[in-house]
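Trainee: With the hints as your guide, set chain B onto chain A.
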Amino acid sequence: MATTIEQSEKTKAEPELIGLLAEFDDPQALIDASMKVRDAGYRNWDTHTPFPLHGIDEAMGIKFTILPWIVAACGLTGGTIAVGMQYWMNAVDYPFMISGKPLFSLPACIPIIFELSVLLAAFGAFFGMLGLNQLPKLYNPLFKSDAFRRVTNDRFFISMDASDAKFSEIDSGEFLNSLNPISVEECWSDVSSPKLPRNLVLGLSLVGVIMLLPPALVAYKRSTTTNTPRIHIIPDMDFQPSLKAQNTTNLFPDGREIRPSIKGAIPRGQFKDDNIPFYYGLKELPEDRDVVGIALQDEKKADAKKADAKKPVEAKAADAKPAAGKPAVVDAAAEAAKKLDKLPWVTEFPMPVTEKMMARGKERFRIYCSVCHGLSGDGDGLVSLRAMELLQGTWVKPASYHTDNVRKQPVGRLFNTISNGVRKMPGYSAQIPPEDRWAIVLYLRALQKSRYTDANTLKDDEKSKLRDTK
Amino acid sequence: MASVTTKPIDTTTIEVPGQRAPLVLGSPDYGTVTESVCRLAESKTPMSFYVALGISASLMGMLFGLIGYLIITGVGVWGNRSPVFWGWPIVNFVFWVGIGHAGTLISAILFLFRQNWRTGINRAAEAMTIFAVICAGVFPGIHIGRVWLAYWLFPIPNQMEMWPNFRSPLLWDVFAVSTYATVSLLFWYMGMIPDLATLRDRATGKIQQFAYGLFSLGWNGSSRHWHRYERAYLLLAALAAPLVLSVHTIVSFDFAVSQLPGWHTTIFPPYFVAGAVFSGFAMVLTLMIPARSICGIEDLLTDRHLENMTKVIIATGSMVGYAYAMEFFVAWYSGNRYETFAFINRAFGPYAWAYWIMVSCNVISPQLFWIKKIRTTPWMIFVVCIFVNIGMWFERFVITVTSLSRDFLPSSWGYFKPTIVDVLMLIGSFGLFLTLFLLFCKFLPMVAMAEVKSVMPRPGGQGDH
Chain A
1 MATTIEQSEK TKAEPELIGL LAEFDDPQAL IDASMKVRDA GYRNWDTHTP
51 FPLHGIDEAM GIKFTILPWI VAACGLTGGT IAVGMQYWMN AVDYPFMISG
101 KPLFSLPACI PIIFELSVLL AAFGAFFGML GLNQLPKLYN PLFKSDAFRR
151 VTNDRFFISM DASDAKFSEI DSGEFLNSLN PISVEECWSD VSSPKLPRNL
201 VLGLSLVGVI MLLPPALVAY KRSTTTNTPR IHIIPDMDFQ PSLKAQNTTN
251 LFPDGREIRP SIKGAIPRGQ FKDDNIPFYY GLKELPEDRD VVGIALQDEK
301 KADAKKADAK KPVEAKAADA KPAAGKPAVV DAAAEAAKKL DKLPWVTEFP
351 MPVTEKMMAR GKERFRIYCS VCHGLSGDGD GLVSLRAMEL LQGTWVKPAS
401 YHTDNVRKQP VGRLFNTISN GVRKMPGYSA QIPPEDRWAI VLYLRALQKS
451 RYTDANTLKD DEKSKLRDTK
Chain B
1 MASVTTKPID TTTIEVPGQR APLVLGSPDY GTVTESVCRL AESKTPMSFY
51 VALGISASLM GMLFGLIGYL IITGVGVWGN RSPVFWGWPI VNFVFWVGIG
101 HAGTLISAIL FLFRQNWRTG INRAAEAMTI FAVICAGVFP GIHIGRVWLA
151 YWLFPIPNQM EMWPNFRSPL LWDVFAVSTY ATVSLLFWYM GMIPDLATLR
201 DRATGKIQQF AYGLFSLGWN GSSRHWHRYE RAYLLLAALA APLVLSVHTI
251 VSFDFAVSQL PGWHTTIFPP YFVAGAVFSG FAMVLTLMIP ARSICGIEDL
301 LTDRHLENMT KVIIATGSMV GYAYAMEFFV AWYSGNRYET FAFINRAFGP
351 YAWAYWIMVS CNVISPQLFW IKKIRTTPWM IFVVCIFVNI GMWFERFVIT
401 VTSLSRDFLP SSWGYFKPTI VDVLMLIGSF GLFLTLFLLF CKFLPMVAMA
451 EVKSVMPRPG GQGDH
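Respectively, the protein sequence lines represent chains A and B. At position 343 of the first sequence (counting the first as 1) the number is 343 in the numbering used here, and the numbers step up by one without a gap. At position 388 of the second sequence (counting the first as 1) the number is 388 in the numbering used here, and the numbers step up by one without a gap.
Bound-form chain A, shown alone (with noise of 0.2 Å):
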C-alpha cells in the first residue's frame, strides 16, 4: 500500500485510486469470499485466479455466456458462405463441366461446407471469447501490483472497481479485511507519460517509410513505359532450350531447327499406299519414292550443299568458284523434270467426274490458286501482278495453264503438282485433302479445254449460254 502512494508523489498528475485488490492463498477462501462480496452488492469487481475454479462462477453469480450463440452464426455463415462460393463460381460464373456431371451437385460440396462452417466456428469462438473478454487489453492498472504477479501462480485476489456505486474507500477497504485475505492494496492510476520512447517513434516511421518502397516501385513502373525488356522475376517457361521451327542451330548439318520428316514414316491416319492413283496420281508407286515431289526435294538438297559450303573446312573450296550454288539448282531442276516425265501418272480421274465435283473444283482453285495464276489460269493473278510491280528480281512467274506442255500433261502428273509443288511454286497437300485437290485438276482442265475448243463444236443451248454470260 505504501509504496504505490510514495513512488505516486514523485509524478506531477495526481493519481486517482481505481480499485482495492485482496489477496488470498486458498480457493475455497476465495469462493467464500465471493459469495459475500457478492451479497454486500458490489458489481464492478472479479476474482482472479490462476486457473478456471470451479464453483466461483455461482459464488460471484457470473450470467451465462453469449458466446454460443456467437459461434453457431459464424458456422452458419461459414457454411453458407461454402454453398454460395461453390454454386456460384462453379456452375455460374466459370461452369465446369466435368465428365458430364451436373454443374452443381450437392454431395461433392459437403466436405468444404463442412470445413468452411468449421473454420468460422472456431474463429468466432476465439475471437468471440476475446472481444467478450476485452482482449488483448496489454496495459491493465492491476499489473503494478508486485503481489498480483502471483495470480498466474498460485494466488487468488478479489479486485474491486473504485468506479462502483457502493464502493468507498473506507468502508470497502474493512469489509474486504473482514474477508480475511493475506493482504488488501490499494490500486493508483498511472500517471507516466502515455508517449512513446523517442527511438521507437523513429525506428517504427523509419520502417514504415522502408515498406512503403517496394509498392512505391511497382506504381511508378506501372505508370511509365519502357524500351527495354520486362524483368522475369518468375521465368516460368519462358526461356527454353528447346528449337524452333525458322530458326538455325548447328546441331543438324542442314542449319535448320525445323526437321523434315523422317523419310518412310507414315503419320497417323495417313497410309496410302492402299489407293495410289487417288493419293499419288500415279499408276504405281517407282522404286524411289523420293521421285515424287522432287522438284523441292532436289532443291532443299541444293540449299544444303550451299550451307555446307559455308563451314569453315570447306570455305577455301567454295571460294574457288563462288557461284557454285546457282548452277547446281538448275541442273538437278532439270533434271527431276525429266525424271518426273518419265513417271507412270494416270490419264484419268480415279474417281466419277461429277457435275458437283467441277462446281467444288471452281470453289477451290478461286480460293488456293487464283491469287497467283489468275482467274482463267493465264498466270496473272494478283499476288503476282503485284510482285510484278515491285520488280522484285527473285519472283518467278506462275506458269499459263495454257502452255502446250502443261495441256499434255496428264491429270496425275497436275495433281502431283498440287500436292508437292513445282518448281518454284511450293506443294498444297497440306492446305488442300486430296479429294479437293482432284476437283482443282477437273477444273483446270474445263479452263484448259475452254480456251481451245471450236465454238461451232458446242451445241446450241450451249452457245446460248455462252451469249448470256459475259
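Accuracy of the hints is not assured; some may be wrong.
Claimed, not checked - Here are some, though not all, of the chain A residues that point toward chain B, as calculated from beta-carbon distances under 7 Å: (1) Ile66; (2) Ser189; (3) Ser192.
To be verified - Derived DSS-like pairs: lysine-lysine, alpha-carbon spacing no greater than 30 Å straight-line: (4) A:Lys449 x A:Lys342; (5) A:Lys397 x A:Lys459; (6) A:Lys166 x A:Lys63; (7) A:Lys342 x A:Lys283; (8) A:Lys283 x A:Lys195; (9) A:Lys263 x A:Lys339; (10) A:Lys449 x A:Lys424; (11) A:Lys424 x A:Lys339; (12) A:Lys283 x A:Lys356; (13) A:Lys144 x B:Lys206; (14) B:Lys44 x A:Lys144; (15) A:Lys137 x B:Lys417; (16) A:Lys195 x A:Lys144; (17) B:Lys373 x A:Lys144; (18) B:Lys44 x B:Lys442; (19) A:Lys244 x A:Lys338; (20) A:Lys137 x B:Lys311; (21) A:Lys195 x B:Lys206.
Simulated from the structure, these hints should not be mistaken for laboratory data. Computed from a prediction, not measured in an experiment: that's the story for all the values here. Backbone N, C-alpha and C define an ideal beta-carbon position, used for all residues, glycine too.
Mentor: Chain B in isolation, oriented as in the chain A frame:
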C-alpha cells in the same frame, strides 16, 4: 505453501481397477507445478539443448536448401517418373498429416470425454500436431512444381477469371488441411494464453517480459474471463473433434475417389483415421519419453500417461490390422480381378518387402503392449513406437506406390526408385519438426499449467473437482 496434505502421498502410477492413480505425483502444490514447468524456460540452457538444436537445425537447413534446388531445377530431381507421379513427396505428406492427428485428438476428444489424464500431455501433443502439419504442408506445396502458382489452389479472384474445381478431392484436401492447421493453431494458442501470462509474470529480462506480455494478450486471470474462456475451449474442442476425423477422411478421398485398384475402396476413410491416430500416438510417445526425462517433468507426465497411450496404440493398431485383412477379403470377395491383382501384387509383387515391413511394424509390434511389463517400461515403449513410426511411413508408401506402379496399361508398368533428394528431404523434414519442437520446449510452457492445477486436489482436502 498453502498445501496441507492429509492423505499419505500416493505414488501409484499404474491403474488398478477401483482406484485411480493420481494425475500428478509427489506432494505438489500450485507453486511447484508452476516451478517445474517454468524452470525449463527460465533456467540456463544446457549444452545438450544447443547440440540437439544444432543438429536438427542443420537438417532443416538441408531441407530448405533442397527445396531451393528443387524450385530452381524442377521436380525432375525427385524419383517421380511415369507411371508413379505420386512418389515420396505425397507419401511424406500423408505420413506427416497422420502424425498431426494425435495432438488435437488428445486435446479435443479426450477433453470431451472428460479424460483428465490428458492435461499432462495435451500441450506438447498439440504443439507436435502443429509442427507435423507444417511438415506435411511443405510437401504438397512443393509438389505442384511451380510453387509461385500455389495460389491457384485457393479460390482467389485472378487475371485468368478461372475458379478451382470444387468437385476434386484434392481441393477438399486443401480446405481440410488448411482448416485443420488453423483450428489446431487457435486451439493450441488459446490453451497457452494463461500459461504465457504465467511466464510473463515471472519473466525478469526485458525481452521476455515484452514477448510473453505481447502474446499473453494482457490475461489477468479474471473469473469472468475464465468463464468465457472455458466455454470457448469447450466449443473449440467440440469443433475440433469432428474436424480431426474429417481431415484424414478427406486425405483418404484423394486416393479413394480415384479409380485405381487398391485405392478405390470405401474402407479408406475409417482406415486412414485409425492409422493416423495410431501413428500420432506413437510419435507423441517417441518424443515425450526422452523429453520428460530430459526436462525432469516425470511427476507431471507419469507412467500412467504413457500406459494409457499404449492402450490407445493397441486399439488403433488392431483396427489398422483389421483394415489390412479386410482389404484382402474385399478384393477376393468382390470378384474383381483387377482389385484382386492389386492386392496379390502388394503382398507378393515387387514391393513385397515394403508390404511385410509394414505388416510386421504395424500389426505385430503394437500387440506387444498386451504385456504389462512392456507397457510400463518407458524404453520398451519407445522401441515399439519407433517401429510403429517406421511401419506407418511404409503403409503410405505401399498404398501410393504399389497401386500407381501397376496401372491399367501393362506396357507402362514401372518400378519406383527414389532419388537421393527424396531421401534427404524426408530426413530434412524431421529436422524441421525437431527444430520447432525443441524451440517450443525451450520458450513455451510445455505442460498446460493452468489445466494441471485445475485437476489437482485442492489444498484443504476438497478432492479433485
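Trainee: All hints, please: hold or fail.
Mentor: Structure-based check of each hint:
no., hint, verdict
1, Ile66, "violated (9 Å)"
2, Ser189, "violated (16 Å)"
3, Ser192, "violated (16 Å)"
4, A:Lys449 x A:Lys342, "holds (25 Å)"
5, A:Lys397 x A:Lys459, "violated (36 Å)"
6, A:Lys166 x A:Lys63, "holds (21 Å)"
7, A:Lys342 x A:Lys283, "holds (12 Å)"
8, A:Lys283 x A:Lys195, "violated (103 Å)"
9, A:Lys263 x A:Lys339, "holds (19 Å)"
10, A:Lys449 x A:Lys424, "holds (25 Å)"
11, A:Lys424 x A:Lys339, "holds (17 Å)"
12, A:Lys283 x A:Lys356, "holds (25 Å)"
13, A:Lys144 x B:Lys206, "holds (16 Å)"
14, B:Lys44 x A:Lys144, "holds (28 Å)"
15, A:Lys137 x B:Lys417, "violated (56 Å)"
16, A:Lys195 x A:Lys144, "holds (18 Å)"
17, B:Lys373 x A:Lys144, "violated (53 Å)"
18, B:Lys44 x B:Lys442, "holds (10 Å)"
19, A:Lys244 x A:Lys338, "violated (36 Å)"
20, A:Lys137 x B:Lys311, "violated (44 Å)"
21, A:Lys195 x B:Lys206, "holds (19 Å)"
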